[in-house]
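Chains as they are written, first to last, in the working numbering: chain A, 1 to 514; chain B, 1 to 418.
One thing to keep in mind: the hints can contain errors.
Claimed, not checked - Chain A residues, not near chain B, derived (Cβ > 12 Å throughout):
| id | residue |
| --- | --- |
| 1 | G75 |
| 2 | D82 |
| 3 | Y159 |
| 4 | E228 |
| 5 | K298 |
To be verified - Among chain B residues calculated to face chain A with C-beta under 7 Å, some are:
| id | residue |
| --- | --- |
| 6 | E120 |
| 7 | Q121 |
| 8 | N124 |
| 9 | D381 |
| 10 | S383 |
| 11 | G384 |
None of these hints come from the bench; they were simulated from the model.
For glycine and all other residues, C-beta sits at the position ideal for the given N, C-alpha and C.
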Amino acid sequence: MIRSLLMTLVCFLSFSCTKDEILNAIGQESDTTLVKLSYNRTTPFRNPLNGWVMYAARNAADTYWDTELYVPDLGKKVKAIDYASACYIRTSWASLNPGNGVYAWNDPNSQLAKLIRGAEKRGVPIAFRIVVDGRDQGLNTPQFVFDAGAQYYLENPSYPTWKTPIPQDPVFRQYYTKFIEAFGKEFNDPARTAFIDGYGLGKWGEAHNVIYAAPGTLTAAETEIVKEEVLDWVTDLYARCFKKVPLAINYHRVVGHPTSWGSLNPNTERLLLKAINKGYCLRQDAFGMTDYYQSWEKQFAKTWNNKRPVLMEGGWITTGTHRYWIDPSGKYREGHPEDVRLGEFDASAEAKVNMMDFRVGEINSWFEKSFTLVQRFVSEGGYRLYPDQISLTRKIKSGTETTIIHRWKNMGWGYCPNNLPQWNYKYKAAFALLDVRNNVKKVFVDTNSEPSNWLKDNPVSYNFKTVIDVPAGKYSWAVAIVDTSEENQPGIKLAVNNEVTRSGWVKVADLQVQ
Amino acid sequence: MLKLLELTGTRFRKVDLALKLVALFAIGLCVSSCEQLADEIEKMHDPITLKASSIEIDLDDEDIKKDIVTFSWTKTNPSSNTHPVSYTTLLNLAGNNFGTSTTITNQEDEGILSRAFTSEQLQNWAREKWGVPGNRSFTIQFMIIAQWEEDSGSDAQEVRTVTVDVKPAIPLAIEADKVFLDGTAVPGASSLEMTKTPENENQYAALLNLEAGELQIPIELNGAKHYIYATNSDGTLQDGEEVRVKKRSTAFSWAIETAGVYRIVVNLQTATAVIYSPAKALSPKSVVWNNSSGVATTTEVTDLWMHGAINGFGTPIKMDCAVSLADPQILIYRGGRTGKTKFIVYGGSDNNKNLAYAFSCPLTATGTQQEMTLTWGTQADLSGGSSTAQRNSYYTIPTGTNFLMIDLRNMKILADKR
Numbered sequence: 001m002i003r004s005l006l007m008t009l010v011c012f013l014s015f016s017c018t019k020d021e022i023l024n025a026i027g028q029e030s031d032t033t034l035v036k037l038s039y040n041r042t043t044p045f046r047n048p049l050n051g052w053v054m055y056a057a058r059n060a061a062d063t064y065w066d067t068e069l070y071v072p073d074l075g076k077k078v079k080a081i082d083y084a085s086a087c088y089i090r091t092s093w094a095s096l097n098p099g100n101g102v103y104a105w106n107d108p109n110s111q112l113a114k115l116i117r118g119a120e121k122r123g124v125p126i127a128f129r130i131v132v133d134g135r136d137q138g139l140n141t142p143q144f145v146f147d148a149g150a151q152y153y154l155e156n157p158s159y160p161t162w163k164t165p166i167p168q169d170p171v172f173r174q175y176y177t178k179f180i181e182a183f184g185k186e187f188n189d190p191a192r193t194a195f196i197d198g199y200g201l202g203k204w205g206e207a208h209n210v211i212y213a214a215p216g217t218l219t220a221a222e223t224e225i226v227k228e229e230v231l232d233w234v235t236d237l238y239a240r241c242f243k244k245v246p247l248a249i250n251y252h253r254v255v256g257h258p259t260s261w262g263s264l265n266p267n268t269e270r271l272l273l274k275a276i277n278k279g280y281c282l283r284q285d286a287f288g289m290t291d292y293y294q295s296w297e298k299q300f301a302k303t304w305n306n307k308r309p310v311l312m313e314g315g316w317i318t319t320g321t322h323r324y325w326i327d328p329s330g331k332y333r334e335g336h337p338e339d340v341r342l343g344e345f346d347a348s349a350e351a352k353v354n355m356m357d358f359r360v361g362e363i364n365s366w367f368e369k370s371f372t373l374v375q376r377f378v379s380e381g382g383y384r385l386y387p388d389q390i391s392l393t394r395k396i397k398s399g400t401e402t403t404i405i406h407r408w409k410n411m412g413w414g415y416c417p418n419n420l421p422q423w424n425y426k427y428k429a430a431f432a433l434l435d436v437r438n439n440v441k442k443v444f445v446d447t448n449s450e451p452s453n454w455l456k457d458n459p460v461s462y463n464f465k466t467v468i469d470v471p472a473g474k475y476s477w478a479v480a481i482v483d484t485s486e487e488n489q490p491g492i493k494l495a496v497n498n499e500v501t502r503s504g505w506v507k508v509a510d511l512q513v514q
Numbered sequence: 001m002l003k004l005l006e007l008t009g010t011r012f013r014k015v016d017l018a019l020k021l022v023a024l025f026a027i028g029l030c031v032s033s034c035e036q037l038a039d040e041i042e043k044m045h046d047p048i049t050l051k052a053s054s055i056e057i058d059l060d061d062e063d064i065k066k067d068i069v070t071f072s073w074t075k076t077n078p079s080s081n082t083h084p085v086s087y088t089t090l091l092n093l094a095g096n097n098f099g100t101s102t103t104i105t106n107q108e109d110e111g112i113l114s115r116a117f118t119s120e121q122l123q124n125w126a127r128e129k130w131g132v133p134g135n136r137s138f139t140i141q142f143m144i145i146a147q148w149e150e151d152s153g154s155d156a157q158e159v160r161t162v163t164v165d166v167k168p169a170i171p172l173a174i175e176a177d178k179v180f181l182d183g184t185a186v187p188g189a190s191s192l193e194m195t196k197t198p199e200n201e202n203q204y205a206a207l208l209n210l211e212a213g214e215l216q217i218p219i220e221l222n223g224a225k226h227y228i229y230a231t232n233s234d235g236t237l238q239d240g241e242e243v244r245v246k247k248r249s250t251a252f253s254w255a256i257e258t259a260g261v262y263r264i265v266v267n268l269q270t271a272t273a274v275i276y277s278p279a280k281a282l283s284p285k286s287v288v289w290n291n292s293s294g295v296a297t298t299t300e301v302t303d304l305w306m307h308g309a310i311n312g313f314g315t316p317i318k319m320d321c322a323v324s325l326a327d328p329q330i331l332i333y334r335g336g337r338t339g340k341t342k343f344i345v346y347g348g349s350d351n352n353k354n355l356a357y358a359f360s361c362p363l364t365a366t367g368t369q370q371e372m373t374l375t376w377g378t379q380a381d382l383s384g385g386s387s388t389a390q391r392n393s394y395y396t397i398p399t400g401t402n403f404l405m406i407d408l409r410n411m412k413i414l415a416d417k418r
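Isolated chain B, as found in the complex (with noise of 0.2 Å):
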């Protein structure tokens, strides 16, 4: 049969009458040949594999960037091949069910057939979008989902998934009675100590002049001393990149190039540490409103003042915050003043008072005011703005509350009784 086709292929190229009629006749058998051949490569419907490169990984903190898990499936085989397979994968922690918010979802190409994860990735989705801390071990799903039309119109899948237990990388937190400042870029002769942060007392914070050349941070621990270092690092600085650090006995030096004014965290419970040059020094938050004469006006937000029910809406009261060492658009206020409040950016009694810029709950989804309660311990939404519905939206400050922590890079609010 075979034969006669190429043989039929061949003379319609030379436009033969004659055996034209005969590719006619062969039709008839070529219909019924070509049925039996059908049915010989009716094919088995093949399943998906679906296989991790391995059940149980341990995080590499010293190579984060590199793979450490790898998932791999084979080709779907639907009984036709006349129409276009689809993979997505998903991967999220266990037990969300592949929610939307959690999931990180990935369209396959064609012919991929595996999808990789680093170490980076996964440390940071757990801390991030999965809630998991630093410190705690956590099981991932993995989720490939084929589709396909089949020849009768209606849609096919196959899905198949694959758990894998994850281990973080070291027991994160850092030890420490003391942490220091030393080496040749710390003027004069001694280390300086840094000093907790108000909003963490697990993280160290210093706003330093420093002159060009090593940076060390040793702290000490049961009267032993001991030095931060940078995993991933030669000491070359990641300027105003949060980097994983551990401890060890041998000094770890920093490069500091150029002189000038220098913001060093040190967080011991995440293990991280942020060293920002002048070239990107943290700047206070800056707003814009207009005021009452239709002026925009700008302001440098270094302190706030609570206006609404709990000063009756009269002279707004100055809260004095405090300014975190860490990052001078975190803001501590600790002189106990609770109730129903905005914080705005402006402290006369005039009327610029109902028209600054303001900070306090989000807007409803639908753009409108509202108001809300904080929870101590709770970090909740905070939202500004000088549009007349963030205006109106307000906070309520629990009763006790001594301790308020407002974080206008991250836009969080917490109350707590410390």
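The following block holds chain A by itself, in its conformation from the complex (with noise of 0.2 Å):
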């Protein structure tokens, strides 16, 4: 009955009064202000698990981080790495690993770790893919391993050095176990490292096309058999080394089976399953190839959107090696890779995702010919986190009850995947008060707001209770999304214009205290 009196009160003074009035009546108090914050829709703001991924050749000089390209838009030059949250590099097990016990990350002079060193030099966090098959890339898995004995398969005699590793082989995982686990040692990280392919085998990779025994050796069914626990101990593994940084897995029909294409294997989703429970991210190399990127992909992804994140690359080498504008779409002209831009931002958007890549040589079209698509992606892809309002005292008795009434917005597609494992749900929204030079003096963490419940078109609010316990004075207030496993340092960056302070923090409001 008294809910109902006041929802009638609440209901009529909506219609015509202001807001401080209405704050009034349904309890705020008086001096409370609403403040509405201003949105910012074009920034490319490096978050984490989001946006743009640069991607380097293994044998680049650090200097390619800094590569320039015109846009036409624009009128100038822009670095595209200011558009990148992250710097990939796809690499083989042999040139981060050439000698047993030696790493590449370990030798300054490597070319590797100057490539490493010059991502983090310009802020921005690595990620890699360790490739072991050597069908057509050449020697991937270090020639130590074999030495030690371990089995391989060797596709083409012609190449004697083009070995491809029996992932079964207890010499293989020995070393593979060890490699990896100071790989973990080394970039479980995750202020230096923005995510890890955690599958590695098959082609180049991809989770396809796996070699485990010489073509016709194993039966379908002892393929079965070897391939889930081929992909248990992998995923295991990785999970293992890396229990703070997120991990992927590339979904397609035939994960982890010795083929690179056919209809739906009847395990697929049930082996992605169990990657996906260890905390596995979603992947996929093959967005705008609409031969293999059919309606089981597609599916697949939407099952997961705003569950697990999903990370994109484009297939279609637009660059010279492929043929694009034979793709069944018909979508793509010959000498027209904007069309492939197109065709891959589109289903990046059906499949939500949260990052999009920047592959080598591809990168051109993207700036030179598609920029409009970069800045869409900035703007309406992955997660773009901010609190359009929120209500906060202005005044009060320093030891007294306040309540904060803050609603959060997310302005893209994908969502911020606070629930991985590796993350913990580590990210929270946070009120903290500044004093004139913006230090910090004091954190509020409203542990039960949840940024991976917050997605597109569907704001949240929360009303946060907090006793100021600060002594008296003037104060700023400020918010931000914290870290919680960084002692509450401002982890996201916020979508909007308003004044940021060095350490992350957005000016809200003064506060005065009694």
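Both chains are given apart, each in its own frame, so use the hints to dock them into the complex.
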């Protein structure tokens, strides 16, 4: 009854009164103010597991990260890395681990170490895929592993060094385990590593055409058994070594299978689920290839939308080696890479991907011919979070309780994967009191807030009660999404134009504590 | 009235039933009171004002990345503030009527009240989007559109436009009788004279071995010696990048860090220069096509053959193209053959001549073959491929043509009579 009367009152007031009057009526302090933040729709913010990924060849110089491209729409050159949230290196096990116990990242003069450090120096986290299959790329597994007796398959005797290891082999596993453990020790750090492709077997490490034995050796039933055992082993290994950094596995209909294409394998979804349950994100390397990325792939991504992030990689190479104009969609014209870019973008929008690719070679057409799509992904893709309005008090007596009402919007089609086990819900909305020099004097974390629940077109509000236990004085309210595993430092940049302090807090309003 | 509201607000938190009834009584008072308040605060509509930092600007080629003009506006102030206002800004050449293909469009965030452009941007758009010759003044128009939804549900908008006259940075063209390469990086005791490129008599190019050292580009005009220098540069090589140049009487040197084959291109008309080190060496175009055995074939294009009605579909006509020193993807044909043809990358008389990668006119919008005719002096688009539609597309070279430039990098073709 009381609630009804109250609602009636609020209802009447909302038709005819100012917001302060409404706030008064629903029980807010009279000094409460409603702050509307100014949304920023275009700036590429570097946020974890979100945005563009800039690829580099394994043998690139670190200056590659400074690549500038001319953008006709802007009338000037821009640095591609300024639009990227992560730098991606797809390389071989052999290049990172050239000798037993020898790791490229420990050699400051190695090309890879320079490339990795080059990304870090530019403030961008690195991401990796480690490839072991040697069939069409040469020796990707270190020779010392084979010298130690690891079994391998040689597809083409004309290329005797192009060996592909057998992943069930104990010698292979011994050395690969040692390598991934060392790799994890070095890179299991979310401050420097964006994500790791945590499967790595098969052609190009894409989890298809995986070699378990010479063709025709295993029966179909045996193949299914060994496939599952290997997937369990390798995903367990990566998950054990990367507890803080997101892992990804390719999703397609023949995951882990010795073929590259075919009808949906009856075990595919179950195997993917096993990896997902260990915290794996989803990635696909054939976006825009409509003969490979079909209804099953689309449906699978849809099933996992907002539960696991999807990372996109385009399939077609438009710079020389692929005949992309024969794509069954009929939408790509020869000599028009921008058609492929649009196809990739549309498929990415449908899959609600969090990350898209600036692959080597393809990066030019993104900037020179399809920059509108680059900008659209910044504005519309992944997650893009901001509190559109915050109601908080401007004057309060020290030691008393206040209520902060904050509403959050996600302007992107993706989601903030705070629910990943590696993140373990570490990001939370928080409010800080800053002194006149913008030093943080107190942080109030709303532990009920959950960024992974903030989805496009569904603003989420919270009523956060907290006691203002700071000495009397003048303060500024500030808001952030903090990383609770990093002493509540701001962890995700907010899409606003409001003033941001050097430490990443967005200033909201003044507060007088009495 | 406000006092009463504060009071009722406080008591609600204490869940005092009696005062809830008082609050109900307050509703009536409040409604009438707030109506009055609404009347009091009803706003006059404030229209947007838009201004440019200057209505006449001179582009600055010494600091091309610096903002040269800023447009600023005031927020519109619709009668109701319950609906967000979106701001869109447009920039175009005056007279283009803000056509979509030539307009620079930006969605402006709420709270952003200005947009600036640099000399570099205006210069590039003038040349590329608006087709303004480099040495000509032009006028730009900037428009802001504010859009919002009225309480009635209808759309409302305000539009303001401002015009700015723009002068190019300098009289761009550099006059010279001869252009040389000199400095410690150039082997030999004397300077080397650069040659004009066949496709552009205002452009000089050289491809030569340089040693580590200093590279100078002297020019000679009426017997006097001057030096070309890069504006916005201290002599550091901007490898492979086109830089603006001027002339001066004192020497200017580019630093050549490593020895090797360098390509140097100087365009006196546009006052630009490009130096390519071995690391940024230009390569001929490479294309992939399937031959009659179905095998993927990679061809590096250093010459072309005419094939089509022009040779009765017989043995392809070898064009013996001259390759431009400015760019190995620019081929010049002066052989004088005219007629309907495509330009293929294979010269044999077997069936591969029909399957080979071909350059000719672009396909139709729906991707089907077509035939077009070149016009003297007008650059046309070139399209390449090995699809059936592309192989069945043809250009007609007009009778009398004695100059054909095929630019495979920018995919352009020019027929002329010279």
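Comparing the hints with the structure gives:
| no. | hint | verdict |
| --- | --- | --- |
| 1 | G75 | 4 Å, violated |
| 2 | D82 | 15 Å, holds |
| 3 | Y159 | 18 Å, holds |
| 4 | E228 | 37 Å, holds |
| 5 | K298 | 25 Å, holds |
| 6 | E120 | 5 Å, holds |
| 7 | Q121 | 4 Å, holds |
| 8 | N124 | 4 Å, holds |
| 9 | D381 | 10 Å, violated |
| 10 | S383 | 6 Å, holds |
| 11 | G384 | 6 Å, holds |
Hints 1 and 9, counting from the list given before, are not met by this structure.
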